[in-house]
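**Q** Taken in sequence, the protein lines are chains A and B.
Numbering of the first sequence is given in our numbering, commencing with residue 121 and proceeding in unit increments.
Numbering of the second sequence is given in our numbering, commencing with residue 23 and proceeding in unit increments.
Derived by calculation from the structure, the hints in this document are not laboratory data.
Fair warning: there could be bad hints in the mix.
As the list claims (entries may be wrong) - Among chain B residues calculated to face chain A with C-beta under 10 angstroms, some are:
hint, residue
1, G65
2, R122
3, Y259
Predicted model, so just to flag it, every value in this text is computed and none were measured.
The C-beta atom is built at its ideal place from N, Cα and C for all residues, glycine as well.
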Amino acid sequence: MALDEPNRNVEDLDTQFVEDVLRMPDGEKLKTCIQCGTCSASCPTSDAMDYSPRQIIAYFRAGMLDKVLRSNTVWMCASCYSCATRCPSGIKFTDLMYELKRLALQHGIEPPQESGPILTQTFVDMVKRYGRNPESRFMTVFTMRSNPFGGIKQLPLAFKLWQRGRLKLGAPSIRGIEDLRKIMEAVEAEEGSS
Amino acid sequence: MTYTFYPGCALEASAIPYDQATRAVSNALGIEMVELDDWNCCGATCYTSMAEITSFAVSARNLALAEPAGHDVVTCCNGCYMTLSKTNTYMQEDKRIRERVNAGLAAAGLNYEGTIKVRHFLDVILNDVPEGAIASKVKADLSGLHVAPYHGCQLVRPYATFLDAEFPKALDALIEMCGAVAVDYPLTAKCCGGMLMQTSKAVSVDLCASLMKLAMDRGADCILTACPLCHMNLEGYQDAIGQRMGREIQLPIVYFPQLVGLAMGLPGESLGLAASLIPLDDMLAKIKPLSEATEPVAAG
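Same shape as in the complex, but just chain A (with noise of 0.2 angstroms):
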């Protein structure tokens, strides 16, 4: 990746981004979109979506990155596939998602009002030092990252779960959890550098 300055600005990036995001995986396709609309049809959330994925494609092939990313759209997108399954021109649009979501965490680009970007982190942040998601720990670190005041609306629930032993409040690390933070490590180094 060539994204590794967190100070460039946006505008910056849109070229060398695109060249990216190109670069993926099947990413040649992006430039074969004909702009039909199946994928905004697709997809479950896309009425709550500043931009619908018809629009963004549009917006990423012109350049606009900057209205992409501050959209809630990638946000929004629930991973459901739908969109990727029924493209006509086989574009995979909810890895362009993913990379999307990757270019807005790494220059701390958050949306208005939505905590996707802190639930994504808190979550990365349980694998990194527990090497599992423990359930409790992990609503609770993101409860208090994103409206900690609106945790109390989850405790009725967290406690008919504890009820029923289906809350654990411990979390315990993996025997490997070093193995684990080596290959992460060794990853972050090889990608960073390249």
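Add chain B to chain A, keeping to what the hints say.
**A** Chain B alone, transformed into the frame defined by chain A:
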């Protein structure tokens, strides 16, 4: 039949009943599920959203650990299934990604050659268990039970090899095998919102309300799931879904191995039935013992 079992994180907590029922049904059918020793989180879509190659490496550690035994890796979680399948596909088909991931795995003395298959437990039950094996073990009469089959997303897209991406019928087949009635459920592969329940609750509640309404309109006594996240959204947030629908609802949400276990007359406690957040009494009342059955169906 021996498999490497990959439970995934949810099956250690909120989806403990799914884990229990999977193990109970496997035992009863002679399926040997050997849990992968010291497995780690698959990374789900969240890790992919953070760092692509690292996410493949995190996921691939499990495949590398499973490779020496040579058995198919079996999971019950749609998210784990999709994530492990995606990693597996890229490791097998993309030389550049395979080399970069294996360079990372080498830091822990691991390597993945790409020889393992990733399977969903539903696939195993339907396609590996000899035909008629479940039917011959059915000890309860489920013919009065109407079940809405809800496959969800990541079981069918984009890596499903054993069912249709638009109109999957795997759960329908399973329901019929158990002697119950599968209601026509065209939203079967529509999204529940997944993690959006935590970040954009109204959006996810809307999606769940559509799923719930259709199941109720079709006269379902319960919704059958194959994924811990679909299950949690429909079960744990049923109050909010009911508010959205403007009515009070209490529709049982059932993990598919629980239904198989009920049909086979396995004890309720081995299927984790008592851990349901929704009372199951009305649903269980529709299950009658077969006349030749030796054990009654217990609610657990």
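**Q** Which earlier hints can't be squared with this structure?
**A** none
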